Amino acid sequence: MPIYEYACPDCGYKNDHLQKLADAPIAACPKCGSTTYYKKISAAGFALKGTGWYVTDFRNGNTGQKSDDKKAAEGTNVPPPSGDSKSADSTPATSGKSDSAPAPATSTPAAAPPPAPAPAPASSDK
Numbered sequence: 720m721p722i723y724e725y726a727c728p729d730c731g732y733k734n735d736h737l738q739k740l741a742d743a744p745i746a747a748c749p750k751c752g753s754t755t756y757y758k759k760i761s762a763a764g765f766a767l768k769g770t771g772w773y774v775t776d777f778r779n780g781n782t783g784q785k786s787d788d789k790k791a792a793e794g795t796n797v798p799p800p801s802g803d804s805k806s807a808d809s810t811p812a813t814s815g816k817s818d819s820a821p822a823p824a825t826s827t828p829a830a831a832p833p834p835a836p837a838p839a840p841a842s843s844d845k
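Counting in the working numbering, the sequence shown runs from 720 upward without gaps.
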């Protein structure tokens, strides 16, 4: 449905109204009741509601999932924020020497799984 701009020259009230194409223009100002309320000449915007539109279904290239499923899947893959940017921003600026030095960042790398043992050579008893 198109969204039309309306204005009232008497009180200066301006508003957007969502109307069907077949609806008659609004004649009275909702604020002051004047009958000089008119539809401004502008490009009418419109709202796409529901599914089946490019914006809601096919924009990201995932045609197999519905838009609700995409939102749920995206929410589970979000990594937690790293603490590196926080430590740089949270230190107060001081003039002079500080009493304590900041603690060094300790990060332990993830343990790699042990390599799989090589298969034993096949013995042939001839």
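Just so you know, these hints were derived from the structure itself, not from any lab.
Honestly, I wouldn't trust all of these hints.
[Said to hold, decoys possible] With beta-carbon atoms standing in for the labels, derived distance ranges:
hint	residue 1	residue 2	range
1	833	769	22 to 28 Å
2	762	741	49 to 55 Å
3	770	724	56 to 62 Å
4	833	767	50 to 56 Å
5	737	832	48 to 54 Å
[To be verified] Derived DSS-like pairs (lysine-lysine); straight-line CA-CA distance at most 30 Å:
hint	residue 1	residue 2
6	739	758
7	733	758
8	759	739
9	750	768
It should be emphasised that the depicted structure is a prediction, and the values quoted were computed from it without experimental measurement.
Beta carbons: idealized from backbone N, C-alpha and C, even for Gly.
Tested hints:
1. 833 to 769: 22 to 28 Å: Since residue 833 and residue 769 have Cβ atoms about 54 Å apart, the given range 22 to 28 Å is violated.
2. 762 to 741: 49 to 55 Å: 20 Å, violated
3. 770 to 724: 56 to 62 Å: At roughly 28 Å between Cβ atoms, residue 724 and residue 770 fall outside 56 to 62 Å, so the hint is violated.
4. 833 to 767: 50 to 56 Å: 55 Å, holds
5. 737 to 832: 48 to 54 Å: Given range 48 to 54 Å: violated, Cβ gap about 59 Å.
6. 739 to 758: 14 Å, holds
7. 733 to 758: 10 Å, holds
8. 759 to 739: 16 Å, holds
9. 750 to 768: Between residue 750 and residue 768 the Cα gap is close to 29 Å, so the pair holds against 30 Å.
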